[in-house]
Amino acid sequence: MIDYKKKLDTLSLQIKSIFSGHPIAIAGLIGFIIFVLTALLAPWIAPQNPYDLMILDIMDGLLPPLSKLGNGNTAWLGTDALGRDILSAVMYGLRLSLFVAFVAVSIGTTIGVILGLLAATKGGWVESVIMRAVDLKVSFPGILLALMMLAIFGTGVDKIIYALIIGVWASKARLTRSSALQEMQKEYIDAARISGIPSWRIMMKFLLPNSIAPVLVMVPMALSGAIGAEATLSFLGVGVPITEPSLGLLIANGNDYLLSGKWWISIFPGIILVLLVLCINVVADRVREFNNPYLKHQDRQ
Amino acid sequence: MNKSQVLQIKNLTVSYPLDSEKNAELKALDDISINLNAAEIIGIVGESGAGKSTIGKAVLGLLDPPAKMLAGEIKLLGKSMIGLNETQYESLRGNQIGYIYQNPMTALNPVLTIGEQIIEAIEANTNMSGKDSYNFAIHLLERADVSFAKDRLQKYPHQLSGGLCQRIVFAIAIAAKPKLIIADEPTTALDVTVQNSVLQTLIKLSKEEEIAIILITHDIGVVSETCDYVYVLKNGKHIEQGETVEVLEKPKQQYTKSLMASVPLIEKRLHRFSLPNSNSEINSLNLDYLKEERNIEFSSQQAILQIKNISKTFFTPASIFKPSEAFEAVRNVSFSVKRGETVGIVGESGSGKSTIGRMILGLEDLTAGSIIYQGQDLSNISNNEERLKHQLSMQCIFQDPFSSLNPRMTAGENITYGLKIHKLIDANKAKSLAEDLMEIVGLKKEDANKLPHAFSGGERQRIGIARALGYRPDFIFCDEPTSALDVSVQANLLNLLKDLQDQFSLTLLFVSHDLAVIRQMCDKVIVMKDGKALEKGNNDDIFESPQHNYTKSLLDSMPKFSGIATN
Amino acid sequence: MKHINFKTVCFVGFLASMMGSVYADTLRMAYSVAPKTIDPYKSSASATASLNEHVYEALVSRTNEKLLATSYGWTDDTTLVVNLRKGVKFHNGADFTAEDVIYSSCRMMYRVDGKKNMLTSAMGPVTDVVAIDDHTVAFKTVGLYPILIQKLKSLSILDSGDADLGATLKFDNTGDCGITRYPTKAEFESGKYANGTGKYKYESFANTGDAALVRNDNYWGEPGNWDRVEMTSVENSGARMAGLLAGDYDLIENPTGEDLLALEGNPAYSYSTMPSWRTIFLILDVGSDVAPGVTAADGSNPLKDIRVRQALSLSIDRDAIVDKLMGGNATVASQFAPSYQDGADSSMPNMAYDADKARQLLAEAGYSDSISIDLRMPTGKYQNGKRVGQAIAQYWSRIGIQVNLVAEPWSVFRKGRSARELGVFMYGWGHPQGPSQMISYAFGTRDKALNLGGSNYSNYTDPDYDAAMRAWAVETDEAKAFEYNQEAMRIAVRDLPGIPLYYQHSIWAHKSDISVSGRPDERTFADMATKN
Amino acid sequence: MISYITKRLWQSGLLAFIMSLIVFLGMYVVGDPVEMLSEEDWTEQDKIELAIELGLDKPLHEQYLNFAGDIIQGDFGVSFVHNRPVLDLIVERLPATLEIAVLAMVIGLSIGIPLGIYSGIKNNSRGSRIISFFSTIGYSTPNFWQAILLIMVFAVFLKWLPASGRGLTNSMFGIEWAWLSLDGLKHMTLPAINLAIYKICMQQRLAKSGTQEILYQEYMTFARAKGITRNRIIRRHLLRNILIPIVTITGLEVGGLIAFSTVTETIFSWPGIGKLLLDSIHMVDRPVVVAYLILITLMFVFINFIVDVMYAFLDPRIRHQK
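Residue numbers (this note's numbering), protein chains in the order written: chain A, 1 to 301; chain B, 1 to 567; chain C, 1 to 532; chain D, 1 to 322.
To be clear, the hints were calculated from the coordinates, so they are not data collected in a lab. Treat the hints with care, since some could be wrong.
[Stated by the list, open to error] Computed spacing ranges between beta-carbons, pair by pair:
#1 Y216/D - K68/B: 16 to 24 angstroms
#2 W125/A - L388/B: 22 to 30 angstroms
#3 A68/D - P323/B: 26 to 34 angstroms
#4 I130/D - T530/C: 26 to 34 angstroms
#5 K5/A - E325/B: 50 to 58 angstroms
#6 K122/D - M59/A: 43 to 51 angstroms
#7 E421/C - D158/A: 17 to 25 angstroms
#8 I48/D - W44/A: 56 to 64 angstroms
#9 K68/A - I48/D: 25 to 33 angstroms
#10 I48/D - D289/C: 22 to 30 angstroms
Just so it is clear, CB atoms sit at the ideal spot from N, CA and C, and this is done for glycine as well.
All chains, full assembly: derive it from the sequences and hints.
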């Protein structure tokens, strides 16, 4: 029934029409793809597994870039205090940061979309409860949340993901609700209602596909937001475990050495973090601009 | 009167690039020439996509960026306007050329007062300032027949009615005594009763101020009442031009002829619009599905639907500046509909006509009263299955072709989705049924697996009709089903509805603001205003000897067009 | 920071601020933690005590210098007699006498809103404080309480004239003492009664912990080194260092080891270190049948086996940690308290490093590659803590132990510790009382009467150890007490209910035009610094 | 209006209640205040006495009821750590946060909006692209990383500005302010810039998208057709209209700045309430955290209210709803 090849063609055509003529956005997309590939392939291409404490040696600590390690390898970007190769640490940190953000954003968005749809379709107390919960979340500091999660569930990457999910869902629920409410004004929803179609089917088959676009458009931004949030939490010391540093934790570790001239520990992960988020946001901006009806006609220039 | 030439357009061609890579382009205007003298009103008539509005924009130098003027000459008062820069255009706009929009509400800035907006225009185009411009603003409003001009200067646009706002737009347009006004569908957004007087004001201004006016419209009635001379356009191409009476009543071109034949007339009720290719082909199709299991318990003499004293009150949400307020949309309305007949409800916007339909369909709760359908009070059915059966035998054709279909489902899925859910048909027969229904409503069966955006407005409305037919309904509520369509598309669709009604003995409740459409479609007519049913009666009675003053004023304000002269 | 009176117009304030930084000899210090109050009894937190030490003095200093006492001794098992210094004046000009000591003891016992002061329970065994003459006081205790003199190191002496004394001043355990009005905390903070005998006098104090002091020219001994001292607190170590480099401060405490590297090669700045009394060590749950977070293949608690504990200790290269991670600003430990602190057995050898032997011991114990340990530690608490934790995890994983390092905020860590959910954790301890203090609480069987073993998270019990500590607890002869204590320490190092790592050094970074000789108790005092 | 306000108050009261409950329980889970306040050499009796002193000996629900009862009477309790009324602590720290928040917002608005309008009008021009690119960088970089770089550049290398602390404060209306002295202003600059960078970028983006939306409204074309000049169109027709969405977001942003500028305050050791919150969380100072968040919740409710009023002020359509 569904012609996948055709869908793929349409998709690639759409990607082409979004990006053609926008060199910065293309650069962002390519950069992002490189980052994702690096993250995926890190265990195979990184010179060292920085999470394996066995092979780290503090005698290799704090070496500047291009130094030789005790085992004869070269630390292209230097090492940190524990003898971690910064290049490897950045690759693994990228992997962890991206993983955490991807998982948190996808789960958080899914939850947010479902709650937003429920709020829009059910109305009444369901809507009140969901939307008040959104309000509550907005006036709740992320750091306290992270600390609470840490206390209740213990430390670990999964706990950070939980904390980030809680950070993500609310705005998505709000957006989905308003988009779904707008969609519900349309006559095809009335048509479905007078045809006695059950409300959960209306929700999933009619509302969901038609009101999700504004949420999807925000996903890349949520992704970069989650990466930044994870970095900030790690920086404040309530993030990922210290033995498995993400980009944020690497920066935090290196931050201690910034004044002492051991710049490489903090600067490299910092640059990668900024580039990563920048790439995502450049792409996100372009996607949003493309979807903005007010820009569309002038965009064809 | 000095009939000096104000505007001359020669061989104007405007194109939009479609795809920058393939050099494809769409000619919005193709070799158009127009002449216009002072104090003259010319009409530019055409259906959507004809390029009417592009002419106005080209003259004002306001073509939206990707559009390009490829060829031609535009001369204002003998001076060429080609190659003017933005500053030069700015001095022309307002000063020499005024512009009037379709929707006055969006043309006025919502956050500035009327006074600010008029005075700004006066000061930009004259040497007046301070008290002088204030007085002149009052003068202008009075010229545009705005009463209580002084008070209205303090108001914001949303505080005034559409008709008043359009007059204010007129006042702004004549602020600098322009030689030319371009009016783009100036009365389309207004209620019928207001349309006429607004048009009269426009004519008056044209004659008194010696302003030449280009009136861009799709409404043949408006043209026949207003214009001295008319140009007919189709797809950017010039079709026909001439004195208004000549073109409207004795069109020479086939397109113009069919266009005129599509205009619903108010004077007499026709069996069908006399369109080319309008022979019904329904009889030749496979109609078994639609014909089986028809509910024929009710003879045509019995009322299939009885509306008893229904009312509906809405409550506005409370906000910081006002508490929740009640709004009575429908007040104590009663009527009944017999099997096979078409009852029309006519009224202006806000009269409550659609709300009645929504209550019948169960989309809104009743505040008071009862609805009896096929002998049963709908609010008293406790059995879910029975309720569903009743519900499915009532269907609706919606107003907006662009929102009445689920954009993520193909045409066929849109038609059969509900049928499959309720297991009214086998899933494996859905495809062929969808194709049959597509053919019945005059579409190609292979188009059933296209998505809605691939269809035009008229085609979408047909898909909507097919969707309704799929439930084998006894009763269909038609909620302004043609108000968003071009007149020729409307005529075709109305013919189709009539054919279907004959074929399946459908009962229709037809809601419209357009008296002429109601005249053509309905057996009985109900006139509504402010939620109340003012008058009920048979079609001929209402249109030929209306009793209520409001009905009379409605009929009076209809633009007069009596169709192609029949020899 | 200088605070301008309410009524003063802004531009005068501006001028004053300009003057503030051109004082002839002003020392601007940045603390790492904000002092909470200038009422000396309300908080024993180190930063608060550091500030208060400038203004108030105790009888004996934490480094055992005689301050307001000239000599002291137990005349019997329950009487401590202290001879007071003569000719000392408070900042307000009042003479210092025995009555001030009694009054100060009373205020320490006096509860505002039922709230205790820092020594209220430590002085619980004191039944009476009496003036033998104007410059001699006697502390009476309910029983043997040899560490009273250690506790009194924290009793700042206040002027009894600042309170409304009743007809007679008579010490009692509630602090009533016949006194009708005590100065309040607010009155200390406003400066009204911030009246001590210290080297510096109150000038201003803000709730943010910022304070300014001026030299007490009538000090009984060598007067202060500085005309004026401004202190502020900057918790973020990087910001503190940046502030020093930006010229905001003359002296900062606790720069990170990493930041010190920034000072190298910059002649305008230097730093001074001082071995502190803080020992960093690990605690192992050696008593429980199942230690939380510690598993072995056979389900037992491997930490019960002394060979495992020895292996854990031997696997750690403390020299590498001290050199590479601590930048040399630490001393390899030989025991659970600094070997250089009074009362320690300085002859004990440093903890050894022998990874091969560690592996061998593990194998002998039958635990090769079968132990998994959650190593828990607080974040942001100890110099380089996170890195040291990771280094230990590195060393242990090299002898075939699977280590899961869990670093958590202090609050979460402390809660887990008090719930005894931590099987192996890192901790730091330092106290002026000397080596005895740590091991009296950390190890050994709980003895409420003698206040022993209160923090025994190792669940360690040993009769010889307990005997030594019980004897120590009631020994008023200092030399003998030291011996008991050393005996207990040797047993602890033999049995390893914990693993000593190193002694932290305190560090101060400062401008090169001043020199600093630090203190071992991690406090920062203006007179540590002298202008070159 | 009365019923509307009543409803709002009721809702926000409920919100504050739920918030207090969550935080109360949350802080209970995070740590034990007695553990945080006790020294290693304390006896069990000492700890019990401290718990009694702090009211922590009672069952949790009773603790909450006592706390809630006090709050209703306007008593926010006494900090465990500082031993002072919570309200005093917050009021004392508030000016410090307010002054950098306001400065950051002023910088953000006064730079961001003009840049946004420019890049909205001249979309696709070189200038607009450059502005948007830098805006994206500013927007993408985590706040703490910007702070570190600011300190490195302006405090350490250039030595132009102090890196931490609030500097000299002067008194006005009985409150200590840093902005009244040159020294204080210098200390304010870096943290305020740190907060402002994000605001500039955000305002630029908001104003840009607002401009592009408004630019294609018919009344804008009509205004051009009326013959008024471009400048006037921007000043009168555009600015008034784009301010409406900007006001909403700005309201919430000011709230966020005041409430949660934790990271900036921590890195620059700025003694504001954001830092108070973080310290209090770390020290399990429950009364401070709970009271703080209740107050913040109420502040957001209040800000929402102000935003509604501002809305009506800017948008006559809302003002005249009948």
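Q.
The hint says 50 to 58 angstroms between K5/A and E325/B; measuring C-beta to C-beta, is that right?
A. 56 angstroms, holds
Q. Falls inside 26 to 34 angstroms, the C-beta gap from I130/D to T530/C?
A. 55 angstroms, violated
Q: Indicate whether the distance between the beta carbons of K68/A and I48/D respects the range 25 to 33 angstroms.
A: Violated, since K68/A and I48/D (Cβ atoms, about 59 angstroms apart) do not stay within the stated range.
Q.
56 to 64 angstroms was suggested as the range; check whether the CB atoms of I48/D and W44/A agree with it.
A. 58 angstroms, holds
Q) Are A68/D and P323/B spaced within 26 to 34 angstroms by their CB atoms? A) 31 angstroms, holds
**Q.** Beta-carbon spacing of K122/D to M59/A - inside the hinted bounds 43 to 51 angstroms or not
**A.** Because 58 angstroms falls outside the window, the suggested range is violated.
Q.
The hint says 22 to 30 angstroms between I48/D and D289/C; measuring C-beta to C-beta, is that right?
A. Distance hint for I48/D, D289/C holds at roughly 29 angstroms.
Q) If you check the beta carbons of Y216/D and K68/B, does the distance land in 16 to 24 angstroms? A) The hint (16 to 24 angstroms, Cβ to Cβ) holds, given that Y216/D and K68/B are roughly 19 angstroms apart.
Q: Could you tell me whether the CB distance from W125/A to L388/B stays inside 22 to 30 angstroms?
A: 27 angstroms, holds
Q: Could you check the hint for me, namely that E421/C and D158/A are 17 to 25 angstroms apart, CB to CB?
A: 19 angstroms, holds
When held up to the earlier numbered hints, the structure conflicts with 4, 6 and 9 and fits the remainder.
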